[in-house]
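Residue numbers (full-length UniProt numbering), protein chains in the order written: chain A, 1 to 410; chain B, 1 to 410.
Quick caveat, the hints were computed from the structure, so don't treat them as lab data. Remember, predicted model here, so these are calculated numbers, not experimental data. Every residue gets a Cβ at the ideal spot worked out from N, C-alpha and C, and that includes glycine. One should not assume that every hint holds.
Said to hold, decoys possible - Under 7 Å between C-beta atoms, here's a sample of chain B residues computed to sit facing chain A:
1) Arg-25
2) Pro-27
3) Met-49
4) Trp-57
5) Trp-65
6) Thr-128
7) Gly-230
8) Leu-249
9) Phe-259
10) Tyr-265
11) Thr-278
12) Ile-281
13) Thr-410
Unchecked claim - List of simulated lysine to aspartate or glutamate pairs, EDC-like, C-alpha gap at most 16 Å:
14) A/Lys-186 to A/Glu-153
15) B/Lys-408 to A/Asp-69
16) A/Lys-408 to B/Glu-67
17) A/Lys-142 to B/Asp-141
18) A/Lys-186 to A/Glu-155
19) A/Lys-186 to A/Asp-160
20) B/Lys-408 to A/Glu-67
21) B/Lys-186 to B/Asp-160
22) A/Lys-186 to A/Asp-159
23) B/Lys-405 to B/Asp-355
24) A/Lys-405 to A/Asp-355
25) B/Lys-408 to A/Glu-256
26) B/Lys-117 to B/Asp-160
27) A/Lys-405 to B/Glu-67
28) A/Lys-142 to A/Glu-115
29) B/Lys-405 to A/Glu-67
30) B/Lys-186 to B/Glu-155
31) A/Lys-408 to B/Asp-69
32) B/Lys-147 to A/Asp-264
33) A/Lys-142 to B/Asp-138
34) A/Lys-408 to B/Asp-72
35) A/Lys-117 to A/Asp-159
36) A/Lys-147 to B/Asp-264
37) B/Lys-408 to A/Asp-72
38) A/Lys-117 to A/Asp-138
39) A/Lys-147 to A/Asp-159
40) B/Lys-147 to B/Asp-159
There are 2 protein chains.
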Amino acid sequence: MDAVSAHARTLDEGNPFAARRGRFRLPDGVIYLDGNSLGVLPAAVPERMRQVVETQWGESLIRAWNEHDWIDLPQRVGDRIGALIGAAPGTVTAGDSTSINVFKMLAAALSLRPERKVILSDNGNFPTDLYVAQGLRDLLDKGHELKVVAPQEVEAALDDTVAVMMLTEVDYRTGRLHDMAGLTRKAHAVGALTLWDLAHSAGALPVDLGGAGADFAVGCGYKYLNGGPGAPAFLYVAPEHQPRIAAPLTGWMGHEAPFAFDLDYRPAPGVDKMRVGTPPILSLSALDAALDEFDGVDMAALRAQSVSLSELFIAEVERRCDGLELVSPRDHARRGSQVSFRFEHGYALMQALIDRGVIGDFRAPDVVRFGFTPLYLSHEDVLRACEILEDIVATRSWDQPRFHKRAKVT
Amino acid sequence: MDAVSAHARTLDEGNPFAARRGRFRLPDGVIYLDGNSLGVLPAAVPERMRQVVETQWGESLIRAWNEHDWIDLPQRVGDRIGALIGAAPGTVTAGDSTSINVFKMLAAALSLRPERKVILSDNGNFPTDLYVAQGLRDLLDKGHELKVVAPQEVEAALDDTVAVMMLTEVDYRTGRLHDMAGLTRKAHAVGALTLWDLAHSAGALPVDLGGAGADFAVGCGYKYLNGGPGAPAFLYVAPEHQPRIAAPLTGWMGHEAPFAFDLDYRPAPGVDKMRVGTPPILSLSALDAALDEFDGVDMAALRAQSVSLSELFIAEVERRCDGLELVSPRDHARRGSQVSFRFEHGYALMQALIDRGVIGDFRAPDVVRFGFTPLYLSHEDVLRACEILEDIVATRSWDQPRFHKRAKVT
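Okay, chain A solo, but in the shape it has when bound (with noise of 0.2 Å):
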């Protein structure tokens, strides 16, 4: 064993999280280092999921409602997901996409600021976030504008024309990491609003939301929260704007009575208010099995570990390949949980990456990403896919027909 095996070794011997990775279904011969684009299958999920659709469903029928409860599974989850974003019980609920609840969110923060215009963010948002910003801009048409600068020109562009400061803590692309408590005193300063994005954020590291003093945030359950393909997304209302906001879509399970089936709409308290149709009980209760495995994770911990894996990441890799260029802040504190290469045949080498069963994920038109999830993944596990990369990059192996051609999800 060479001196970097060896203290690879060690360092996987200090893991706090090593026995949980046996709560995870790692497929065999696979080293999974994107979990920050869809988390891997926590071993209690398929039970429940038989539980739900055999025995709830299959069993119980309509009266499930009542007798498991299925019609407070949104605010359930959202609790636990706040537990880990430092939000207090009943600032959050899940269900709908992230994409419907930046929606949510962002309308309700705009109608606390009717005399502002501009909703600011960056261009490192994830586009989905600036295509219902724009969208909500053109239904509202009321001269809203969408002022997309670079992520260091955030503070710069704060001033009093600004409602809304709409950005994603941690960079899709890039892993650049926002000091919200930073940012969000600085907008709070010049009387903006914050909107946060912890698709990147919520499982990766530790959040809080409450002690930032953030207006509003959304966050995705299938990535680090390993809630399953499409998982029911949340979103969080800081407690003294729920009394003062409205909800854009006002179906009936935010109805103060959705059972009383009154022609008139009346908002629930709270945050129920913005619950939308139907709770998606089956993906609910898969994200909800998912979060057990958070259950007892001490989020500073699970951090260091994040920061331990990255760090060797990035080290061995520009020890060993060459033209790969670290996109990613190399100061970890401003990095989240995951490292990103620039490389000019970025899709054909994540190609010939996932063949050799390495799995990350390209982000076009050159980015190579590596998610780093420390509750199934161990240095050991680095290390090897930083062989299997070198190997590929040095004998060129990237370069063949069948890993240049485009799948149409890449």
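Given chain A, work out where chain B should sit, using these hints.
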């Protein structure tokens, strides 16, 4: 065997769907007359869910988007639903909730009639449709009016101020069936567009959106389509409107090239522009598997069975039970696949029925509602339900404190 039982048995012998009953998991001791609220579990769903969770998600992980073509699942499921409602391929997409789809379709419709301000609906519409319209009206803040009339007054209320006539074809409470083709024609005659909610139609009776010239439609996956609790909903956009409408909820899955990750939104062609966030693969897969049960089903034959079941139910209830007043239209041509009765102590009556294994549901303030789903219901079931109802009414066994206790979900 008495004459009625013999009659029921004879009717069942001619049931073309008798062999399908075994393809649904009916709990022992239950006569389920609530498939219009939550459809029964199709026997094929558990295995499909196991595959999707354990093999597709568990083994393929992120690769499943291509390997199992998850990305097009909303369109594939949409086309399968389309085949049941007279919608051409490429006009229906599955996803989100009915409420959210009402929002999308109503906003799209209003954008095509900018000079008109009236949304016409009726008080038999499911409340969430009205709530969504109220929310959209307030959000747009352009002087729209939601005009809600009695169902029989809709036709007279159609005039050249109406932008959209938004109706649920089958009244969730009474089962009253609107004349979709006739009302659509009359709406078009005054220049109004139509938005049909098929929540209690799809999978329950023949629907011909194309033939009726309907403009927009939405519907529910968890009622007669048996897609599971909170299953994805669907929406329909007539071909001629597809190039002309803008999506109000502009998420990345409705983008022309989602994986180009452009900063600017450009709508996808056709109905795909109405997609929003990442599709909920687990629940979409359950719905997809459930739709297998409609393969080869002649909707006219299904309708004939539904009428036969509900006619028997009405006749026997009226013959056997005092105090129940038929709320549904007596003429089956004007009725969907459910039958409702008014009963002063409707809530307690339904609880007592459920306690005896006859599951229908209650709609405030005093309606007991029974749905008829020919794929898994026989005339003998219906007759047995009538016998139990007769006994409960005759002995006033509903009048026990435990049957009056209100549950959270009624």
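A quick look at each hint next to the structure:
{"no.": "1", "hint": "Arg-25", "result": "holds, 5 Å"}
{"no.": "2", "hint": "Pro-27", "result": "holds, 5 Å"}
{"no.": "3", "hint": "Met-49", "result": "holds, 5 Å"}
{"no.": "4", "hint": "Trp-57", "result": "holds, 5 Å"}
{"no.": "5", "hint": "Trp-65", "result": "holds, 4 Å"}
{"no.": "6", "hint": "Thr-128", "result": "holds, 4 Å"}
{"no.": "7", "hint": "Gly-230", "result": "holds, 4 Å"}
{"no.": "8", "hint": "Leu-249", "result": "holds, 6 Å"}
{"no.": "9", "hint": "Phe-259", "result": "holds, 5 Å"}
{"no.": "10", "hint": "Tyr-265", "result": "holds, 4 Å"}
{"no.": "11", "hint": "Thr-278", "result": "holds, 5 Å"}
{"no.": "12", "hint": "Ile-281", "result": "holds, 4 Å"}
{"no.": "13", "hint": "Thr-410", "result": "holds, 5 Å"}
{"no.": "14", "hint": "A/Lys-186 to A/Glu-153", "result": "holds, 13 Å"}
{"no.": "15", "hint": "B/Lys-408 to A/Asp-69", "result": "holds, 9 Å"}
{"no.": "16", "hint": "A/Lys-408 to B/Glu-67", "result": "holds, 10 Å"}
{"no.": "17", "hint": "A/Lys-142 to B/Asp-141", "result": "holds, 10 Å"}
{"no.": "18", "hint": "A/Lys-186 to A/Glu-155", "result": "holds, 7 Å"}
{"no.": "19", "hint": "A/Lys-186 to A/Asp-160", "result": "holds, 11 Å"}
{"no.": "20", "hint": "B/Lys-408 to A/Glu-67", "result": "holds, 10 Å"}
{"no.": "21", "hint": "B/Lys-186 to B/Asp-160", "result": "holds, 11 Å"}
{"no.": "22", "hint": "A/Lys-186 to A/Asp-159", "result": "holds, 9 Å"}
{"no.": "23", "hint": "B/Lys-405 to B/Asp-355", "result": "holds, 13 Å"}
{"no.": "24", "hint": "A/Lys-405 to A/Asp-355", "result": "holds, 13 Å"}
{"no.": "25", "hint": "B/Lys-408 to A/Glu-256", "result": "holds, 13 Å"}
{"no.": "26", "hint": "B/Lys-117 to B/Asp-160", "result": "holds, 10 Å"}
{"no.": "27", "hint": "A/Lys-405 to B/Glu-67", "result": "holds, 14 Å"}
{"no.": "28", "hint": "A/Lys-142 to A/Glu-115", "result": "holds, 10 Å"}
{"no.": "29", "hint": "B/Lys-405 to A/Glu-67", "result": "holds, 14 Å"}
{"no.": "30", "hint": "B/Lys-186 to B/Glu-155", "result": "holds, 7 Å"}
{"no.": "31", "hint": "A/Lys-408 to B/Asp-69", "result": "holds, 9 Å"}
{"no.": "32", "hint": "B/Lys-147 to A/Asp-264", "result": "holds, 12 Å"}
{"no.": "33", "hint": "A/Lys-142 to B/Asp-138", "result": "holds, 13 Å"}
{"no.": "34", "hint": "A/Lys-408 to B/Asp-72", "result": "holds, 10 Å"}
{"no.": "35", "hint": "A/Lys-117 to A/Asp-159", "result": "holds, 11 Å"}
{"no.": "36", "hint": "A/Lys-147 to B/Asp-264", "result": "holds, 12 Å"}
{"no.": "37", "hint": "B/Lys-408 to A/Asp-72", "result": "holds, 10 Å"}
{"no.": "38", "hint": "A/Lys-117 to A/Asp-138", "result": "holds, 13 Å"}
{"no.": "39", "hint": "A/Lys-147 to A/Asp-159", "result": "holds, 12 Å"}
{"no.": "40", "hint": "B/Lys-147 to B/Asp-159", "result": "holds, 12 Å"}
Violation of the numbered hints given earlier is absent; every hint is satisfied by the structure.
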